[in-house]
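Chains as they are written, first to last, in the numbering used here: chain R, 90 to 367; chain F, 73 to 452; chain H, 317 to 583.
Calculated from the structure, these hints are not laboratory results.
It is possible that part of the hints are untrue.
Claimed, not checked - In silico EDC-like links for lysine to aspartate or glutamate, alpha-carbon gap of 20 Å or less:
id : chain 1 : residue 1 : chain 2 : residue 2
1  : F       : Lys132    : H       : Glu379
2  : H       : Lys357    : R       : Asp224
3  : R       : Lys138    : F       : Glu444
Chain by chain, the residues:
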Amino acid sequence: MLSRRASLFLIAPAVVLLGLLFLYPLSYSLIWAFSDEDLGGWGLQNFIKAWGLYSWDVLFTLIIVTLSTLIIGAMSVAIGGYLTLGENRVALTVLRTLYRWPLFIPFVVSAQLMRTFLAKNGMMNNIITSTGLMDPLAAASFLDWRGIVITFVWKQTPFVALLVAGAMAALDRSTIEAARNLGAGRLRILLGIVVPQVGTTLMVGLILSYVVMMSVLSVPLMINAQTPTMITVDMAWRINAYSDYGVANALGFITYAMTAVIAWIYLRQGVREGGRPQ
Amino acid sequence: MALKITNLLASAAIVLAGTGAAQAQNVLNVVSGGSENMVDYVTDYLGPLFEEQNPGWTVKIVGTGAGDAGSQTIMEKLVAQSGNDAWDTDVVVVTQLKAGEMVTDGLLQAYVGDIATGKLATRDTAKVALGTNVEGYVMPMFHSQTAIAYNPDVVANPPKSFDELKAWTAEHPGAFGYNGIKNGMSGVAFTTGWMYAYAGNTDQLMNGPYDPELKAGWDKALTELKAFNENVTFTPGNAGTLDMMNRGEIVMGPVWVDMFYTWQADGRLNPNLKLLLPEPGMPGQPYYYAIPAKAANAEAARKFIELATSPDVQAEGIVKRFNWYPGIDAQHVESTLDKATWDKLFTDVTPADLAAKGKPFPLGPFFDDIREAYEVKVSN
Amino acid sequence: MNILRTSIIAVLLALLAFAIFGPITNLLIWSVAETWYFPAKLPQSYGFAFWERVFRPQGNAMESLGNSVLIAVFTVIASLAVAIPAGLALGRGRLPWRSAFLLLFLLPQAFPSLAVHMNIARIFYSLGLNGTYTGVVLVHTIQGLVFSVWIATAAFSAVDRELEEAAANMGASPFTVFRTITLPLALPGLMASAIFVFLISLDEFTGTFFVGVPDVTTMPLLLFTASMEGNYQIASITALILLVPSVGFMLFIERFLKADVLAKVGS
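Hey, can you work out the whole structure from these sequences and the hints?
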């Protein structure tokens, strides 16, 4: 265990880098968010305006990102679990080579791909109708909140799955084998033994995904044609249309608060359960 | 292994240091908002031409993207270096709204009086940008216009006015698509056209004076727009509208004329698709060449813009190769071009149409009012 | 029973393959499509005209790609250099305000950077870092710091303490314990974070524009505009080109990891 002084010494370079090159510039943004142009002083005017115009979008963002995070969590546990506990060699090889690819496609390109894939006359519907599984007239467009969720899940699942699968591979196999000898099913082993042991990694992966999805602009911009939309679109709109940095930064602050609350709950949870928050 | 990596990194570091030092002395840095083909225009045509005429100079161009968003990025980069003595950007290409803001904030320098081609652009838009006086600070690169694109195979008799369009969408729900206002300028342009048609006081909206009370009279126009929206398909962005036309999901929608032609040229749109300007008209705007206030190479920047706005270059580059409407006054360009090329530019939208129905965007504060009113009363 | 199970697995894998490769196939087709519009379900004509456009000498595609890769590699080194000690302190140390520090490191990703980059550029201009590779590497490092610090923290706190104590009891110095026990055990996590940081750097657009342009240009500067305005052919080709270093870097890391970790565990 490192001493307090050694710990502070070790974390110092990262904090200095962050402080000088990010927190300092960020402080300008916070000043903008909390200043009140009409009164010429400090105030919450920007937050009131942001909330008045965009409260639906804040809620919409929260729902979309939370839903995506949950699906990503389930999918990555399933993928990691099969890679750890699966027995069919062919299936393992196929899955291992398959699941990572979206990781390498930048967000802006993922959005472009999904826009042409999920549209009403897009490639997905074309393939399904040409196999005769669906009537062409029943084809629907997914370019709304569902499209955003699908794109997020597609792009971020490999990220969490890669972390989770790595952590699972590093586990001590003896408990798993013992449980298996006692006749426990694979699903029970996965949920009862494996997942609790990689809980930290899973949560870290999910929180990082959540953070990334919160701040992506290109996906809602290129996929969602409907209102409400996500907060980042509103931020871009305030700046580009009105040069209104006050409301934009207030929205940025709200976004960060939404992330920080989730991360804080997770970190507290770890402390309460007696262990270190990891 | 570790040693190999170290060697690799060391040589990489040397390369890094080397490239920094080996920068040519005379580089003209151009940063362009707008679409990718505006970047291609400088990369493939204007840049090489300038380098040929000015030995020792290299033109470097970076694009920042379409609409006010792309130009906003350029403005922020200038603001960020406003404390420095010599700025790293020599020529910028920006939208009207942002050009006005940049002039107001003192980020640009007046140069039009110093170049030979300065007198060739006399349209209103060369002097006033959305109500802000920009005379002397900008030269139009080209004029861009919005119009309604449609598929003549499906729509034999396209609506000729906003009234007819309203009736048409009621009969064909979902066949007309546009991108609202938050997601690209073609939707904003359509909304503006709607307001010109139904909000009244069109001249005042375009030319001023600004009256904050005027927006009180817009309720009817906005309510009707909300009803109209019930029958349209919303598209994700300027490109989103073209994209949905590419897949036949909509058959009509507002687009930027230059973008429309690019999509056709790149094989992403049916070459049979056509354009029309509905009564009473839709807005368009020029992209401006401007020089940042403390540009390091202002002298070369002036030469560059002088070349770019010369009749020959406007004819050969802007009209003939890239299908844009010229930035300088048409008569200077028309005389240097053959008739076939000139006519091709005006196949769908005639010069008479353009003169009568090509409108400017509204005065800045009215523009803000329209957009906020849409946010509050139409999209909520 | 066994046949049933095998076929269920086969169907699930097929669905997954469709979900993953469906959109990617779209990318591949667009990269060679010269004409493709309604009502055709596949391109009416194919060709490499757009490849020629991307790779034309004036376009500087290769130089941009080289810059992108070089910057990404240095970003990985810089972020690991600060994240490993920080992760050690956060995962193993007695750090006051630990949660607050972790929340702080979330900031560069969690606060949408739209409104922050101008201020970052202002600081960089005043430090003379604008237009330099160092500046771009630093701004990418900041963006990647969230991943490298959080993942390093998780990796270090997952290391079994008893192994370290055992080594320490046998008289190993703290640094030897770190080098021979802690670091190798945390290595897979650290390498995963290296991959993510590499990818973030490779795809970064806004920071590069504000800090690098006009002297340093990277591949995403081309990609971003093309993709946003629906220039599908150019965007698809650029994305395919970027796949090469991404996949290459991951394979390199995995080989390096296998050889190294196995060697250490064996000895």
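A quick look at each hint next to the structure:
1. F:Lys132 with H:Glu379: Holds, because 13 Å separates the two Cα atoms, which is no more than 20 Å.
2. H:Lys357 with R:Asp224: holds, 16 Å
3. R:Lys138 with F:Glu444: Cα-Cα ~12 Å, so holds.
When the structure is compared with the earlier hints, no violation turns up for any of them.
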